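*Asks:* Chains as they are written, first to last, in the working numbering: chain A, 1 to 112; chain B, 1 to 115.
Don't read these hints as lab results, they were simulated from the structure. All figures in this text were calculated on a predicted structure; none of them were measured in a lab. The beta carbon of each residue, even a glycine, is placed where N, CA and C say it ideally should be. No false leads were mixed into what you were given.
Residues of chain B placed beyond 10 Å of chain A at every Cβ, according to the derived structure:
id : residue
1  : 7
2  : 8
3  : 11
4  : 13
5  : 15
6  : 16
7  : 17
8  : 20
9  : 65
10 : 71
11 : 83
12 : 86
13 : 88
14 : 113
15 : 115
Calculated lysine-lysine pairs in the BS3-like style (CA-CA distance at most 25 Å, straight line):
id : chain 1 : residue 1 : chain 2 : residue 2
16 : B       : 62        : A       : 94
17 : A       : 94        : B       : 27
18 : A       : 94        : B       : 44
19 : B       : 51        : A       : 94
20 : B       : 51        : B       : 27
21 : B       : 27        : A       : 49
22 : A       : 68        : A       : 52
23 : A       : 68        : A       : 49
24 : A       : 49        : B       : 44
25 : B       : 62        : B       : 51
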Amino acid sequence: GDSVTQMEGPVTLSEEAFLTINCTYTATGYPSLFWYVQYPGEGLQLLLKATKADDKGSNKGFEATYRKETTSFHLEKGSVQVSDSAVYFCALPKAAGNKLTFGGGTRVLVKP
Amino acid sequence: NAGVMQNPRHLVRRRGQEARLRCSPMKGHSHVYWYRQLPEEGLKFMVYLQKENIIDESGMPKERFSAEFPKEGPSILRIQQVVRGDSAAYFCASSPPGGFYNEQFFGPGTRLTVL
Numbered sequence: 001g002d003s004v005t006q007m008e009g010p011v012t013l014s015e016e017a018f019l020t021i022n023c024t025y026t027a028t029g030y031p032s033l034f035w036y037v038q039y040p041g042e043g044l045q046l047l048l049k050a051t052k053a054d055d056k057g058s059n060k061g062f063e064a065t066y067r068k069e070t071t072s073f074h075l076e077k078g079s080v081q082v083s084d085s086a087v088y089f090c091a092l093p094k095a096a097g098n099k100l101t102f103g104g105g106t107r108v109l110v111k112p
Numbered sequence: 001n002a003g004v005m006q007n008p009r010h011l012v013r014r015r016g017q018e019a020r021l022r023c024s025p026m027k028g029h030s031h032v033y034w035y036r037q038l039p040e041e042g043l044k045f046m047v048y049l050q051k052e053n054i055i056d057e058s059g060m061p062k063e064r065f066s067a068e069f070p071k072e073g074p075s076i077l078r079i080q081q082v083v084r085g086d087s088a089a090y091f092c093a094s095s096p097p098g099g100f101y102n103e104q105f106f107g108p109g110t111r112l113t114v115l
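The shape of chain A in the complex, shown without the other chains (with noise of 0.2 Å):
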């Protein structure tokens, strides 16, 4: 079945470092690709997407590149934030059903 596999955490980070979390995932056909982002006591949030092999999805500094070939969709900003502290989720839906897969989650503590 559909999997996704996140690096573990915690990552701890200074401010304005360069943050990486690796994502790969498993699955039949070309899924779209999602990070979702949960800040403290909150929900989650869409925070980028790709919907088909070598689309980047962008969204406030983040960026991650659909890679078909490596089966991977690495999460990256080049200057974290005190603000970006937060568990970031790699996930894919299946169409057949509309649920989402999730990694097990990254979390971030940036300090200053």
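Let chain A serve as the given structure and place chain B on it in line with the hints.
*Replies:* Frame of chain A, contents of chain B only:
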């Protein structure tokens, strides 16, 4: 346009009691999804409903859990005879009808604590 609303935000129950979690989808959304997040884990799909229909309940535990989305009113996730292992955050998401895949919008969650 209000987002997905869930209540209560926090719910405390003793073992053996019932828990009822409510979810009001965004206006115009007729699809509702429930996910469970156990402590320090990712979200796991539980059930997908449309108005008056359960479409996919493959993630629901076979016993004690049920969900409904009536024609009028919010979606309800019901947990009977709660046990400590039910302590988790329960998130509801909604999406509009139609399309290959529609973005799911998440509510703030209900954090259930079973004493």
